[in-house]
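Trainee: In our numbering, the protein residues as written are 1 to 149.
Because the hints were derived from the structure by calculation, they are not lab data.
Using N, Cα and C, we set each Cβ at its ideal position, and we do this for glycine too.
There may be inaccurate statements among the hints.
With a straight-line Cα cutoff of 25 Å, these simulated BS3-like cross-link-like pairs (lysine-lysine) come out [said to hold, decoys possible]: (1) Lys95 to Lys55; (2) Lys4 to Lys95; (3) Lys95 to Lys139.
Label pairs and their in silico Cβ distance ranges [what the hints assert, rightly or not]: (4) Cys142 to His66: 12 to 22 Å; (5) Arg30 to Ser75: 14 to 24 Å; (6) Arg125 to Asp71: 18 to 28 Å; (7) Arg143 to His111: 41 to 51 Å; (8) Thr130 to Ser107: 29 to 39 Å; (9) Ala28 to Ser75: 16 to 26 Å.
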Amino acid sequence: MTVKDIMTTEFGACAPEEPLSTAIRIMADRECGFIPVVDMHGTLVGVLTDRDVCKAAHVTQRAVTHIAVSDTMSSPVYSCFVDEPLTTALATMAKHQVRRLPVLDRSGHPHGVLSIDDIVRTSDRRGAPTSEDIVAALKGICRRHPVLV
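Taking the hints into account, I'd like the entire structure generated from these sequences.
Mentor: Right, here's the structure in full:
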């Protein structure tokens, strides 16, 4: 089973120069907490989460209309390709401790989003990652790093 078999294909995106208020509206309209950030050529340059937005608003104490997406987005981005096996995408999630990956074509343009929820929901399908694979990935995603003082 490949990423394209289960990825979410309807997603919103925003540009790095847009204000966070635009990204918030896209997230609210799409009922999601994650959007790809693309440049003028449609190439993925970052990702933005609802958590990133909250942290930026709190830390800067500025209105979200005055904070650029580029100041808040995560970059470089961990991603997967439409044609790669789900187990490879799952390993990427675990390695980098992320729950969602933008799904790209080989030119770097987003075609969807793959979430750990998508994988869990399809775990009973033929060719899907095993329960053991999913549990191992979740352990990787949720692992804690020691705090060094």
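Trainee: Each hint needs a verdict: does it hold in this structure or not?
Mentor: Taking the hints in turn, this is what the structure says about them:
1. A threshold of 25 Å between alpha carbons decides the hint, and for lysine 95 with lysine 55 the separation of about 23 Å falls inside it, so the pair holds.
2. Restraint check for lysine 4 and lysine 95: the C-alpha separation of about 21 Å stays at or below 25 Å, so the hint holds.
3. With a CA separation close to 10 Å, the supplied pair lysine 95 and lysine 139 stays within the 25 Å bound.
4. The beta-carbon spacing between cysteine 142 and histidine 66, approximately 34 Å, falls outside the hinted interval of 12 to 22 Å.
5. Between arginine 30 and serine 75 the beta carbons are some 21 Å apart, a value that agrees with the proposed interval 14 to 24 Å.
6. Evaluation of the 18 to 28 Å hint for arginine 125 and aspartate 71 yields a failure: the beta carbon distance comes to about 40 Å.
7. Between arginine 143 and histidine 111 the beta carbons are some 29 Å apart, a value that contradicts the proposed interval 41 to 51 Å.
8. The beta-carbon spacing between threonine 130 and serine 107, approximately 32 Å, falls within the hinted interval of 29 to 39 Å.
9. Checked against the given bound of 16 to 26 Å, the beta carbons of alanine 28 and serine 75, roughly 23 Å apart, stay inside it.
Taken one by one, the earlier hints fail for this structure at numbers 4, 6, 7, listed in ascending order.
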